[in-house]
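Residue numbers (the working numbering), protein chains in the order written: chain A, 1 to 106; chain B, 1001 to 1417.
Quick caveat, the hints were computed from the structure, so don't treat them as lab data.
Heads up, the beta-carbon is just placed ideally off N, CA and C, and yes, glycines get one too.
Certain hints may be false.
Label-pair distances were calculated between CB atoms; the ranges are [unchecked claim]:
(1) A:Glu61 x B:Glu1282: 27 to 33 Å
(2) B:Gln1038 x A:Gln57: 20 to 26 Å
(3) A:Ala31 x B:Leu1057: 44 to 50 Å
(4) A:Asp35 x B:Phe1064: 54 to 60 Å
(5) A:Gln57 x B:Thr1061: 36 to 42 Å
(6) A:Asp35 x B:Ser1221: 38 to 44 Å
(7) A:Asp34 x B:Ala1271: 22 to 28 Å
(8) B:Val1062 x A:His29: 55 to 61 Å
(9) A:His29 x B:Pro1135: 57 to 63 Å
One-sided excerpt, in silico: chain B residues whose CB lies under 10 Å from chain A [said to hold, decoys possible]:
(10) Arg1049
(11) Cys1207
(12) Ser1208
(13) Arg1210
(14) Ser1213
(15) Gly1215
(16) Met1274
(17) Val1275
(18) Ile1276
(19) Ile1314
Dumping the calculated SDA-like pairs for lysine to any residue here, alpha-carbon to alpha-carbon at most 25 Å [said to hold, decoys possible]:
(20) A:Lys65 x B:Pro1376
(21) B:Lys1415 x B:Ser1300
(22) A:Lys20 x B:Val1275
(23) A:Lys65 x B:Asp1232
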Amino acid sequence: MASDIAIASRIHAALADYLKKDAGAIQAHHALRDDLGLDSMATIELLYRIEETFDLQIPDEDLQKFRTVGDVTAYVEGRLKPAPKSKPVKGTTKAPSKRPAGKKKG
Amino acid sequence: MNPRVVITGLGIVSPIGIGIGPFWKAALEGRSGITALQPFGELPLDAYRSRVAGHVLDFDTVRFPDAIHADRVDRYARFALAATSEAVADAGLRMEQERPHRVGVIVGAGMGGMVMGEREITQLYRSQKPNRVHPNFIPMITLNSASGIVAMAHGAKGPNLTISTACSSSAHAVGQALTCIRSGQADVVIVAGADASITPLVFAGFCSLRALSTGFNDRPSQASRPFDRARDGFVMGEGSGALILESLAHAKKRRARIYAEVAGYAATSEAHHMVIPREDGEEVATTIRLALKDAQVTPSQVDYINAHATSTPIGDVVEVKAIRRVFKARAEKIAVNATKSLVGHTLGAAGAIGSLACALAIETGRLHPTLNYEDPDPACALKGISSDVQERPVTVALLNAFGFGSNNAAVVFKKYR
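Next comes chain A alone, as it looks inside the complex (with noise of 0.2 Å):
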């Protein structure tokens, strides 16, 4: 449970950063795209410092799961899960040190 909250909470830091919002707005139940605003191309920008955050690679097909910001956390939860002493996520509520600059395309 309380890497759950860890998790949570990486998750809502990085997306409060990435909207330059306060954490404390960022709710599980917010959905991406009607709630935060967030449309493919910013959902996609997101990802990718997800992916960096928790050192994944979240394949193309699983970007439609993503509906609230609920469904990020429980998805990163799912995919760490299999081998959670092995990796363990390094900080606990600290958002990304090691952010990308994201928001300019190649």
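Could you slot chain B onto chain A? The hints should help.
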């Protein structure tokens, strides 16, 4: 009264054939040019989400005269050189009989000299030796190296322009050539579109944009499937298409063979988003309407649409929405095909390759199939799309092209009468 403008020569370098003969034969046979992604040196290919591409695999056999110094330009420009040389020969254009300042060159390129670009940047950071950067690095990556070398090869001293509007680049090149001849700046314009950017960095960039097909890595020939329900992104291709455009008077004077007339063109910006089109299709519809108006044809006269149709989930739907907006009930009666189903998305070359598919359709009355159109997606299905060759006379053809940067183009071709 604007001079009429006609197409008198064609040339192509494509994943399904080098040269118009082989290309058109393969296109009508419905051959796919999509294969497994070729290795990028030592890079781990399995780290690329998409591993399919439309490579031009046999280009090394193409030889250029020594005097042209084709080795001083990047792969995309060599593609353009080969395609335009074929088009000039096909048109029977003899430069020694032309006034050189009346012959222009307009090339569309989306990415440019990325083979050299990526190699030199990588070597610089590895070697830490700025003094070892290749002397041809700058002329090779400069985006107008293709239009430059094409002019040098043919002695064309008229307007020499490069248009870079991502995936719509060479549709604009055709349109701007029309404008150039109409305005009296040139009698003839050698037009090309070219790109060769299936390179480690660019390919990775398109993967990161989540724009490419990833679900058919084990079945490459099925990966490019415009309008099909299972489509999941575009497949990167490479190549060049070339067309000779000239004023009708000039073509008649030298008794040139005429494939088709270039009758109208429109260029617009959605002013909306760098990579996402407006979902209702209205901006694309406006572009089509403007091109038809420029060509002085009504929607009821259009028989054939060479669709932009990249095989992305959103893009194909937006395009069909636009077609339905413009053509209403007639949308189901127009023949539509997607050249990208055969060769992948050749980026800056796509508009020129689509244009020459229009010219060949008008000339032959045959439309190539749309590969992998097996399970029509109701959101973007039209009755005129077929996975078989369609035989029907084409009097008016429309080419659509859209590019990143919120960019739209449409070109109208007519049977010459």
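Practice task
Sort out which numbered hints this structure fails and list those numbers smallest first.
Solution key: The structure breaks none of the hints.
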